[in-house]
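Could you put together the complete structure from these sequences and hints?
Chains as they are written, first to last, in UniProt numbering: chain Z, 1 to 293; chain R, 1 to 794.
Check the hints yourself; a few may be wrong.
Unchecked claim - Derived pair list, reagent style DSBU-like, types lysine-lysine, alpha-carbon separation capped at 35 Å:
1. R:186 - R:766
2. R:449 - R:315
3. Z:43 - R:222
4. R:164 - R:478
5. R:449 - R:222
6. R:281 - Z:43
7. Z:43 - R:660
Simulated from the structure, these hints should not be mistaken for laboratory data. This one's a predicted model, so the numbers in the text were calculated from it and none came from an experiment.
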Amino acid sequence: MQVPAPFEYARATTVDEAVALMGRFGDTARLIAGGHSLLPMMKLRLANFDYLIDINDLHGELGFIAVEPGVVRIGALTRHRELLDSAELAGVFPIFRDAERVIADPVVRNRGTLGGSLCQADPSEDLSAVCTTLDASCVIRGPLGTRTVSMAEFHRGPYETAVADGEILTEVRFPVRERGGSAYAKVERRAGDWAVVSAGSAVWLDDGGRIADARVGLAAVGPNTTGIPEISATLRGEEPSEQVFTRAGEIAARSCEPATDQRGSAEYKRHLAAELTVRTLRTAVARAARGEA
Amino acid sequence: MTDTRQRSFEDNDQKPMGFGRMLRKEDPRFVRGRGRYTDDVQLPGMLHLAILRSPFAHARIVSVDTSAAAALPEVKAVITGADLAGLGLAWMPTLSGDVQAVLATDKVRFQGQEVAFVVATDRYVARDALELIDVEYDVLDPVIDVRQALAEGAPLIRDDLDGKTDNHCFDWETGDAGATAAVFAKADVVVSQDLVYPRVHPAPMETCGSVADFDPVEGRLKLWSTTQAPHAHRTLYAMVAGIPEHKIQVISPDLGGGFGNKVPIYPGYVCSIVGSIVTGKPVKWMEDRSENLISTGFARDYIMRGEIAATRDGKILAIRTNVLADHGAFNGTAAPVKYPAGFFGVFTGSYDIEAAYCSMTAVYTNKAPGGVAYACSFRITEAVYLVERIVDCLAYELDMDPAALRLKNFIQPDQFPYMSKTGWEYDSGDYEPTMRLAMELAGYDELRKEQAEKRTRGELMGIGISFFTEAVGAGPRKHMDILGLGMADGCELRVHPTGKAVVRLSVQTQGQGHETTFAQIIAEEIGIAPADIDVVHGDTDNTPFGLGTYGSRSTPVSGAAAALVARKVRDKARLIASSMLEVSVADLEWEKGSFHVKGDPGTAVTIQDIAMRAHGAGDLPEGLEGGLEAQICYNPSNLTYPHGAYICVVDVDPGTAVVKVRRFIAVDDCGTRINPMIIEGQVHGGLTDGVGMALMEMISFDEDGNCLGASLMDYLIPTALEVPDWETGFTVTPSPHHPIGAKGVGESATVGSPPAIVNAVVDALKPYGVRHADMPLTPSRVWDAMRGTAQPPI
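Shown next as structure tokens:
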């Protein structure tokens with residue numbers, strides 16, 4: 001049994017109460033949702049906090065998937081399993097189901113949350129790549145009210161986010177556009193492992209079947225999951241083709257900053273960035289063309 | 001023969017009176033949460049122990065200040081290496097005759113080494129108190145790259161050993177260097193290949209731990225501990241700690257896996273004993289997952305060069321190898337004394353060759369000690385990997401089918417018993433039918449056709465073969481001992497008046513199903529149903545002496561003891577039956593469970609009738625004592641030599657280099673099959689181990705000696721998603737010297753599967769000109785191999 005350092009525990013029953021507790025304890029406190037990243041770090045004593053504020057009772061308030069005209073809103077406490085199981089969400093953004101199928105294992109998916117995933121800000125985290133791909137924005141509530149930041153602003157570096165002491169990520173919003181398709185692919189050493197590299201793609205076609213817009217998000221190849229604007233610029237207006245996808249893959253490979261570690265060499269990861277970009281673009285375009293979203 | 005894939009619980013309703021498929025007797029308690037493990041032991045007043053470990057791989061200890069930890073009211077003792085030195089307990093012998101620090105006094109020699117321990121009223125305080133111990137270290141350069149261990153100017157690790165000036169541990173050789181060189185000189189073809197078998201860890205689900213309860217009045221020590229060898233441990237505690245052996249009781253309760261990890265005596269066990277003596281209370285120590293991974297017995301870590309000599313048409317003539325063995329900071333291998341490299345000498349495999357030679361150098365490095373662990377059959381895992389990999393390299397160079405090459409070189413049935421060129425007497429074997437069955441089950445020719453078609457489309461499919469011969473069941477006492485203890489096993493069988501029985505074993509199950517298998521052996525011999533036989537094991541006060549369970553030795557050694565003790569009981573039962581039926585012994589016929597008069601099956605007495613008479617008031621034959629029981633100590637005359645043919649089919653994604661094990665066909669020959677279901681379970685587990693080692697497992701270190709596999713997030717073990725639906729089959733070649741013809745099988749699949757998987761991946765990469773790639777074949781390493789940029793995993 002790994003034993004964490006001593007800490008005190010409080011259980012919030014409303015978002016306002018959680019915000020108040022966080023305001024009171026400042027950086028000595030940490031929110032705990034699913035706990036599948038935080039608790040192992042505490043047990044290994046890599047993370048030590050004086051207070052844990054449990055927000056699992058807020059699931060009624062923050063656990064939801066709302067597919068609305070032009071936007072999908074997902075509550076920060078929505079569990080991985082709920083994201084995986086939602087046919088409505090998969091209908092709009094199949095990338096979620098692709099990603100959730102390869103995130104950790106059922107035990108983790110039963111507890112882990114969207115908000116926890118984003119706030120952990122692990123550079124290899126899958127849902128962060130999904131949110132980057134889909135150009136999500138994050139709703140953060142604090143003592144002074146609510147503010148919204150884009151994914152590009154949300155992650156400030158490995159394990160750092162725009163959420164300040166005393167604030168809570170409450171909701172993530174995804175713009176919905178016509179004739180879109182999306183997909184996710186991940187290479188891992190073993191089921192449930194963090195990504196060696198993973199990629200998400202989203203494309204939107206115009207009436208003529210050309211690419212109106214496209215986005216690619218990569219995980220595990222830099223300090224944070226990255227969107228690559230150059231790929232979007234390159235793909236816009238193009239007829240979808242293997243040549244175009246390959247060009248996008250080449251941009252992905254040279255735009256990322258992977259490091260050699262136990263999961264693989266930097267060179268291999270660059271190769272994967274290209275390969276997975278091509279594969280997910282291919283799938284996303286096919287889905288968009290079939291009207292599968 | 002193939003095993004039927006359909007199984008039902010009816011198997012168990014028809015409980016076999018002896019050998020056959022039946023569900024395990026011990027499973028109800030495990031599946032219903034009633035197993036009792038070391039960590040379940042709760043004693044009144046019990047205290048908890050936590051160990052402070054070194055953050056550095058190599059450092060001199062300047063000072064240890066325990067005052068802040070000792071000042072906590074819940075802390076009952078803080079003990080350092082200096083304290084133990086005062087008691088003469090700072091160092092202990094390892095199972096291979098080296099010494100190992102219980103708590104470091106002078107230096108720490110690997111990251112995770114034990115430096116001090118705290119005993120406190122609960123586990124949390126004990127752990128928190130570790131943070132209050134202030135150790136000042138003078139950090140030294142570590143030796144991490146094993147290839148640099150003997151380099152000029154390498155830091156000296158074992159300055160505790162008198163006169164030691166380098167990191168040399170031992171040299172060992174076997175075979176005939178001159179004869180082998182002569183054969184190599186005349187051979188048409190010589191193939192040489194460097195291979196690494198990386199350091200891996202057994203990672204049993206239950207970590208190691210103990211509960212020590214020392215009674216200061218009686219001078220008695222009761223120790224629950226996670227050990228695969230309770231008797232051997234007791235003897236060693238008596239020799240080291242100075243407590244008389246008859247006053248030590250070692251209890252190994254249910255074990256949550258061992259795989260060799262629980263053979264050595266770890267410093268933590270000794271610390272718990274010291275903690276109990278010092279505090280006068282029972283003391284529990286249970287290591288956490290990281291402690292288990294960074295400090296307990298690893299396995300493998302052999303850097304090998306394999307060379308094979310053959311004729312142009314594929315007759316293998318000789319095999320030669322040179323090995324650099326990384327033994328870590330202390331030589332903690334648990335091999336028999338005369339075998340410092342374990343049974344690596346069987347590296348000639350299943351082939352009839354003219355000459356063989358091995359030279360080995362073992363060195364110390366700043367890594368955790370160990371070396372025997374992980375289902376290795378005393379290093380046969382490394383030996384089989386070596387030979388099966390270089391045979392495939394030879395097939396590559398000769399452009400010959402690897403199955404055909406193996407079939408051409410097998411030892412033939414009429415050559416058994418076969419004396420290998422390194423002095424191992426293979427007891428029995430019939431290899432070709434096993435190989436042919438595996439090929440038939442796989443549809444080998446069809447697979448090769450499919451592969452050829454796929455290659456034209458750029459798809460990467462590989463077919464890998466491994467054929468292994470194991471040498472298990474250590475061992476004959478004239479050759480084999482551990483620290484002077486002969487590797488025999490005792491067994492006691494007592495039949496109660498009502499005809500139920502209890503059998504007491506010296507070996508200890510870690511999940512292998514001994515309570516079922518041994519009951520079936522007794523049932524087969526004396527006809528008492530397995531359900532009516534209680535199997536007692538793991539408690540030194542209640543079982544006869546023996547060396548424990550590892551190296552697949554339980555069935556070959558203890559299983560033989562069980563069969564023979566049952567026959568002793570049956571011999572006595574025959575005498576009683578003759579007096580009950582009033583006929584001479586020669587007129588009796590045994591039919592499982594009863595004696596009847598020859599030619600008159602109706603005139604019979606059952607074993608139950610005999611048991612009651614043996615304990616009853618009636619007359620017994622002249623000179624015969626009452627009771628129906630016997631004991632034995634079995635000394636095997638040889639090892640047993642199970643074999644098997646494994647075929648693995650993989651697909652490699654050319655774009656990502658991800659390996660998918662599509663099929664795995666395992667045909668095992670372990671002689672007489674006692675419980676086929678248990679054998680299959682062991683094979684399934686071992687094959688899964690093999691997938692882990694071949695594709696993902698490795699304990700690696702950074703250049704400072706930090707262990708990079710300190711959690712199961714970093715040290716990957718396979719899940720159900722990485723393994724295929726195993727396809728098993730069997731042949732039966734009974735051991736001629738084992739009373740029931742059985743051979744060990746517990747490690748066969750772990751030994752045999754890694755080369756099959758690696759051979760399959762290498763075969764898949766043939767279009768890229770790949771002849772070899774080292775484990776673990778992670779996607780990144782496979783990609784390197786495809787591009788010709790692979791580096792050894794050192």
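Which of the listed hints are broken here?
5
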